[in-house]
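Peer 1: Residues per chain, in single letters:
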Amino acid sequence: MSGTILGISAFYHDSAAAILTDGEIIAAAQEERFTRKKHDSSFPVHAIEYVLEASGTSFNNLEAIAFYDKPFIKFERLIETYHSFVPRGLRSFLSAIPVWVKEKIFMKKLIRDELQKFGTARPRLLFPEHHLSHAASAFYPSGFEEAAILTLDGVGEWATSTICHGEHKQIRIIEEMHFPHSPGLLYSAFTYYCGFRVNSGEYKLMGLAPYGDPESGRKEELKKKILDQLLDLRPDGSLLLNMKYFSFATGLRMCHDRKWTGLFGFPPRKPESELSQEYMDLALAVQEILEEIVFRLSKKAKELTGSETLVMAGGVALNSVANGKLLQSGMFKDIWIQPAAGDAGGAIGAALAAWHIWKGQERPPITEPDAMKGSFLGPAFSDHQILSVARKYEAPFIHYPHYSELCQTVAEKLSQGDVVGWFQGRMEFGPRALGNRSILGDARDPDMQKKMNLMIKFREGFRPFAPTVLEEDIQEYFDLDRPSPYMLLVVPVRKERLKSLPPGYHQLPLREKLYFIRSDVPGITHIDYSARVQSVNKNSNARYWELINEFKKITGYGVVINTSFNVRGEPIVCTPEDAYRCFMKTEMDYLVMGDYLFDKKKQKKLFDQGDIDEIGLD
Amino acid sequence: MEFLRDLWDFLHTRKKYWMLPLIIILIIFAVLIIFSSGSAIAPFIYTIF
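Protein chains in written order, with the numbering used here: chain C, 50 to 667; chain F, -1 to 47.
Think of the hints as simulated: they come from the structure by calculation, not from any bench.
On a predicted model such as this, the values are computed, not experimentally measured, just so you know.
Certain hints may be false.
What the hints assert, rightly or not - With a Cα cut of at most 30 Å, we get these calculated DSSO-like pairs of lysine-lysine: (1) C/K119 x C/K462; (2) C/K348 x F/K14; (3) C/K157 x F/K13; (4) C/K441 x C/K351; (5) C/K634 x C/K499; (6) C/K157 x F/K14; (7) C/K408 x C/K86; (8) F/K14 x C/K119; (9) F/K13 x C/K151; (10) C/K153 x F/K13; (11) C/K462 x C/K653; (12) C/K408 x F/K14; (13) C/K422 x C/K587; (14) F/K13 x C/K499; (15) C/K166 x F/K14; (16) C/K422 x F/K14.
Modelling step: build the complete structure from the supplied sequences, incorporating the hints.
Peer 2: Pasting the structure below:
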């Protein structure tokens, strides 16, 4: 019997599959990358196909399959919730229950039916709890022998947050916070109120928060209203939401618009409408409250476990601003966050829980900083596949047989203000592009943020960009004393690099604030002088490191802008064809795939303006 | 059969026996709705509801 375990997350959002062989994470991918539907929740057929192929294991040889939650307990939560709120929630009941009694309650059969196409075997099907899957995804790959574990998201079965303790191969769940009292759903309610999409727009709310005026009376007033009326935040970080104001438990919306309007004095923002100062202040108020919740829960986790190290997962763990502040508080000696902290990462966690808890297998020694392999767990493509795309689209290119020459050329183009699509090796697992499916630009260029937001990503102008910095140069640019390989920490840009703010800066209109030059690396310095840092290590991604090092030789700066290789509303590119089409849809200047350089000026037109105008919202 | 065994294990472990009649009724409804769409038992269902 092989020691290969397949992990699956599906049917809610961000479906994914992952595979382990003898406890080693071999491959993982999100279904959206193959189907090109953002946050695709369908059964991850393509992702399973890929991970099986990458592991060299046939389906019939799998030892077990682990699904990332317990459907029966989820159903129990739905029934009990409707029961406790009755007669409210009838509409929601009528829309949710038919799907459950027709399909989801028969999850085992549903999964087995879907898996029939891969083989005839019936490997053991396991259902670790949702938050145990998150906890396992955070602890086992972390490289810590022992750690406090904090998981936070919207909701799993009942749990919305857990504090666990991981020791060697065991995870002990110590405390749980239960639905409907959820830090994730609280943040999602404000995401909705500020006009962004729930389950995907939370990072926009986080990006909007620094535009709030920290010195204004309004922000403090909003914060007080939230803490007085919307929730009861306890000293240990647990919270009780005042369900008079929230409708997610029984309704089809997150909150009661009328009551919130009465409380805050302004209505919910219409999606895509102009962003006014009150929404920025509201975003800042709720961001500060979320940080307080994370801080208090972490403190409680430390008290309960006595641990000096913390690991985190769950969608809220993608709040890199809260993560950065927690790290800088010095509460823990070290913090590790699962790069695929959302539900996709549950696939890895479920498989790891099956291996270490169900199978009782010891953790293998970790020689790298962690067991995630830089999160480069997705498919790679050969030169042959890149060339066949070039032939299909009759795309002229230059081939560089020596990588150093390619690096030199690309670094020069970046230093001249060109924007480059960078497609190399295995695709990243998780929401961040970490240098294999990235769009790169010059962080020194004051116009780069505007250019990349509006002409390349077609997204809101206020959205900040993140830097990739050479690991050895982190401290030259940022107040950070350790690597940050997964772009999950927001930290201050070093004081020496900053330019002082003009008087009355916080009262300036958004656009004036946005394009004020704040540092000598304005492309990545957010409005509050912070940056969401990714560091690159020579060993973990040699090609990317070499490119930035070449850029440093030319400019003296070992830092570039790194944003995910996609346009608004689309998942990050997976194949060379996705990359080429995305390149042709945008105003990117160059595309590099493997050792091949494509110059936009020499390409044939592929899309009309109409196709570009059709780029969807996210 | 596997479903019924799993369902029983769940109700037993979680001590949620009160959910059993509810789940049975919901599933019966679901089955009736599925079969009533264009099947021979449709007239039978219409006489009940």
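Peer 1: Against each hint, give a clear statement of whether it holds in the structure.
Peer 2: Now for the hints, and whether the structure bears them out:
1. Our distance criterion of 30 Å between C-alpha atoms is broken by C/K119 and C/K462, whose separation comes to about 51 Å.
2. The suggested pairing of C/K348 with F/K14 is violated, with an alpha-carbon distance near 35 Å, which exceeds 30 Å.
3. Straight-line distance between C-alpha atoms of C/K157 and F/K13 comes to about 21 Å, which keeps the hinted pair within the 30 Å bound.
4. Among the hinted pairs, C/K441 with C/K351 is inconsistent with the structure: their alpha-carbon atoms are about 57 Å apart, more than 30 Å.
5. A threshold of 30 Å between alpha carbons decides the hint, and for C/K634 with C/K499 the separation of about 17 Å falls inside it, so the pair holds.
6. Proposed proximity of C/K157 and F/K14 is supported: the alpha carbons are some 20 Å apart, at most 30 Å.
7. Of the supplied pair hints, the one linking C/K408 and C/K86 is violated, its CA atoms being roughly 35 Å apart against a limit of 30 Å.
8. Note on F/K14 and C/K119: the hinted pairing holds, with a Cα-Cα distance of about 15 Å set against a maximum of 30 Å.
9. Simply put, F/K13 and C/K151 have alpha-carbon atoms about 24 Å apart, close enough for the 30 Å limit, and the pair holds.
10. For a cut-off of 30 Å, the pair hint linking C/K153 to F/K13 stands: about 21 Å separates their Cα positions.
11. Distance hint between C/K462 and C/K653 is fulfilled; the C-alpha atoms sit about 21 Å from each other, no more than 30 Å.
12. Simply put, C/K408 and F/K14 have alpha-carbon atoms about 29 Å apart, close enough for the 30 Å limit, and the pair holds.
13. A hinted pair counts as satisfied when its Cα atoms are at most 30 Å apart, and C/K422 with C/K587 qualifies at roughly 13 Å.
14. For the suggested pair F/K13 and C/K499, the alpha carbons sit about 58 Å apart, so the restraint of at most 30 Å is broken.
15. The suggested pairing of C/K166 with F/K14 is violated, with an alpha-carbon distance near 36 Å, which exceeds 30 Å.
16. For the suggested pair C/K422 and F/K14, the alpha carbons sit about 43 Å apart, so the restraint of at most 30 Å is broken.
Checked against the numbered hints given earlier, the structure breaks hints 1, 2, 4, 7, 14, 15 and 16 and satisfies all the rest.
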